[in-house]
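Chain residues, written in single-letter form:
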Amino acid sequence: MKCFSRYLPYIFRPPNTILSSSCHTEADIISTVEFNHTGELLATGDKGGRVVIFQREQESKNQPHRRGEYNVYSTFQSHEPEFDYLKSLEIEEKINKIRWLPQQNAAYFLLSTNDKTVKLWKISERDKRPEGYNLKDDDGRIRDPSTITTLRVPVLQPMDLMVEATPRRVFANAHTYHINSISVNSDYETYMSADDLRINLWNLEITNRSFNIVDIKPANMEELTEVITAAEFHPNQCNTFVYSSSKGTIRLCDMRAMALCDKHSKFFEEPEDPSNRSFFSEIISSISDVKFSHSGRYMMTRDYLTVKVWDLNMENRPIETYQVHDYLRSKLCSLYENDCIFDKFECVWNGSDSVIMTGSYNNFFRMFDRNTKRDVTLEASRENSKPRAILKPRKVCVGGKRRKDEISVDSLDFSKKILHTAWHPSENIIAVAATNNLYIFQDKVN
Amino acid sequence: MKSRTELFKATRAKMTGKGLKRKLPEEGDLPEGAAVQKGSGLYSAQRQSVLNISLDKYNRGQRLLEPSLRRSVLIANTLRQIQEEIRQEASDSGTPQISTPPVTQVSPLSESSSLKEALPTPTPPSRLSMENHPMGLGDSDDWTLLSSEEDFSLSSAISSLLKELDVVIDGSPAPSPQRTPLGSIENLETEKADKQEPCRAESKHGGCPEGCRPSETAFGNLEIMSSSYLCDVALDDLFLDIDTSVYEREAGSLGSRTLSSAASDEFLKYLPSCHPSSFSMNPNARDLNELEHIMEILVGS
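Protein sequences, first through last, are from chains W and B. Quick note: the first sequence, position 68, residue 68 per my numbering, numbers continuous. Quick note: the second sequence, position 263, residue 263 per my numbering, numbers continuous.
Do not rely on the hints blindly, as some may be mistaken.
[Claimed, not checked] Quick list of the computed label-pair ranges, beta carbon to beta carbon:
id : chain 1 : residue 1 : chain 2 : residue 2 : range
1  : W       : Ser426    : B       : Tyr43     : 48 to 56 Å
2  : W       : Ile216    : B       : Asp92     : 53 to 61 Å
3  : B       : Asp92     : W       : Asn276    : 18 to 26 Å
4  : B       : Asp92     : W       : Lys416    : 41 to 49 Å
5  : W       : Asp326    : B       : Tyr43     : 38 to 46 Å
[What the hints assert, rightly or not] Looking from chain W toward chain B, a few residues come up when the C-beta cut is under 10 Å (computed):
id : residue
6  : Ile91
7  : Glu92
8  : Asp195
[Claimed, not checked] Residues on chain B that point at chain W, a partial pick, calculated with CB under 7 Å:
id : residue
9  : Leu64
10 : Arg71
11 : Val73
12 : Glu85
What the hints contain is simulated information worked out from the structure, not anything from laboratory work. Glycine included, each C-beta is placed from N, C-alpha and C at the ideal position.
Isolated chain W (complex conformation) (with noise of 0.2 Å):
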């Protein structure tokens, strides 16, 4: 576990001032966290609409000890609320969900989501101008015809580089739910969307028609026991994906089957354990997240207690099951009385599959080797880190004398949950976001 215990914590906030003028602090909670396939970009998406992306400097020799550090590149208002005339209800601008397109030219391309509709938006620099029209000025304003006496081309100048971002698609209206994911699959043509109750795949180019491959609505919505929590693509065989369900089942579906994959392939479901039986079982074995691991073989699910990853060969149970808080299993009712029983905490796997983390409460979160199955838990906060400092391990003390540095169960703070956290795809970095703060760290090697 040498490389956990040196962290480089670098903070960012996005100021107010770049961002939108209303400056209510609720909007800048930060709901999704999402790097791009190379490391080199970090977006993140708020509850007030707005994508922010960070990209990494370039390394450069003169300051071989600074390595790249993620500097904002781009801001912009992804969603805006929207009023649904029908049902008489606001559509939050929250972004649920943000995934990038593999890039194929010099432009960045991701999708972003809120509760109904999804957008593709294109990211684009500029650092070029034409210069020297014939009919208009620089300035834009038209020049008089009876002043214009040569013909010129117009020539490309650099300028100052802008990064700008354009809307190229938007998907909409084909949900009648709350959006939780979208995924993009590696035929890198068309990418899934899931909310409660269904699944649609669309294809990237197309925006007034997506097909329906998971509907698992019943004829008689008082039967409804059990909805989609969220769903994501293989990464490597595009006919493949998985469905997290509120009852702890996972569905894998093979796309060639059949059109409608209500069907599933194979179903993923540990027993329960009796003797951890209690009223909430259900709720605290609702899965919150899925993901696959980059090699595809296997893919994990976060409960609310829990980290399971399971191979993908075995449905009747997970291969490793990881405690993230455990201490709070006695703490449930309460838990359930405040609602903090439905937060949904992500999961995110580091480039080699060899360890995955999680978030917990306190702005702590957990990570896993699962090599040496040792296990760290850290924290995301401004007084414990300073610009190089290291991260020192936390301890959550359960019982008993509370030795020194450990905090008791009690006096955790469930108002600050980490439920959002992103791994660099091939390095040690990872991004934390803690409430309306991004915490980026780095491992420090020298």
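Fit chain B to the given chain W structure using the hints.
Quick look at chain B alone, frame taken from chain W:
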């Protein structure tokens, strides 16, 4: 070392910062995490507490304009599980036969949203209907509900009826107990205690005796719709003052199930004609008073 009670209280203070009023007296009678034997009084107390919290949560959630479906489903399932357990214990202990409502009455949807979603989705003719606007795909329920004008007027008439009846129930000054969503359980229990055999398990705040069926009013107003005071009255009489010319076309009174709109089917579900044994509570004493109230309101509207 702090006592368990103090720890518990401290946790409470920290964790219930959302202003949710605790219904349970904090006498430390509910130590969290204690391994409780099923069937013990403490277990019943815990269960009752969870039941109350769940009901409160569910009702609050439903009052929101757009309740989170996942949350509603999870809470509804928890309630169902408790209901099942209680029913199981009741039948195991051999108390006199109590007819219980079908489990399907416990639904994650309130009346208003169930009316919206009421139209049963026939298998969409083609999942790949490319010509239509995507909104038409499989989401026909919302659209067709509103596209058919007569259905719309019928469902709006029914929903207003339901609302009126809710008002009657909630605001009734009659001697019947105040039926607020949470209060209903306690009230049911006190009534039941009078009418049925003495309770087996007692818990501090009049928690559910094993013969009790809090499930009946698991969803507050929704369940009360099926109370038997509508049983004795011919349905036609109730709706005398409503212009039924619209409905006549549907070949039958509201009592029949031939209406095309599934919205009315939903409504009918809650009438005891469909579930004759659903509500064995016998509020005969209150029947007349409440009936009067209903009639007043119907006549007035």
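To see whether the hints hold, each was checked on the structure:
1. W:Ser426 <-> B:Tyr43: 48 to 56 Å: Roughly 52 Å apart at Cβ, these two residues keep to the hinted range, so it holds.
2. W:Ile216 <-> B:Asp92: 53 to 61 Å: For aspartate 92 (chain B) against isoleucine 216 (chain W), whose Cβ atoms are near 34 Å apart, the range 53 to 61 Å is violated.
3. B:Asp92 <-> W:Asn276: 18 to 26 Å: At roughly 23 Å between Cβ atoms, asparagine 276 (chain W) and aspartate 92 (chain B) fall inside 18 to 26 Å, so the hint holds.
4. B:Asp92 <-> W:Lys416: 41 to 49 Å: Since the Cβ atoms of aspartate 92 (chain B) and lysine 416 (chain W) sit about 45 Å apart, the hinted range of 41 to 49 Å holds.
5. W:Asp326 <-> B:Tyr43: 38 to 46 Å: Since aspartate 326 (chain W) and tyrosine 43 (chain B) have Cβ atoms about 22 Å apart, the given range 38 to 46 Å is violated.
6. Ile91: Check passed: Cβ of isoleucine 91 (chain W) comes within 9 Å of chain B, closer than 10 Å.
7. Glu92: holds (9 Å)
8. Asp195: holds (9 Å)
9. Leu64: Violated - the Cβ of leucine 64 (chain B) stays beyond 7 Å from chain W, reaching only about 10 Å at its closest.
10. Arg71: holds (5 Å)
11. Val73: Hint on valine 73 (chain B): holds, closest Cβ of chain W at ~5 Å, below 7 Å.
12. Glu85: Interface hint status for glutamate 85 (chain B): violated (9 Å vs cutoff 7 Å).
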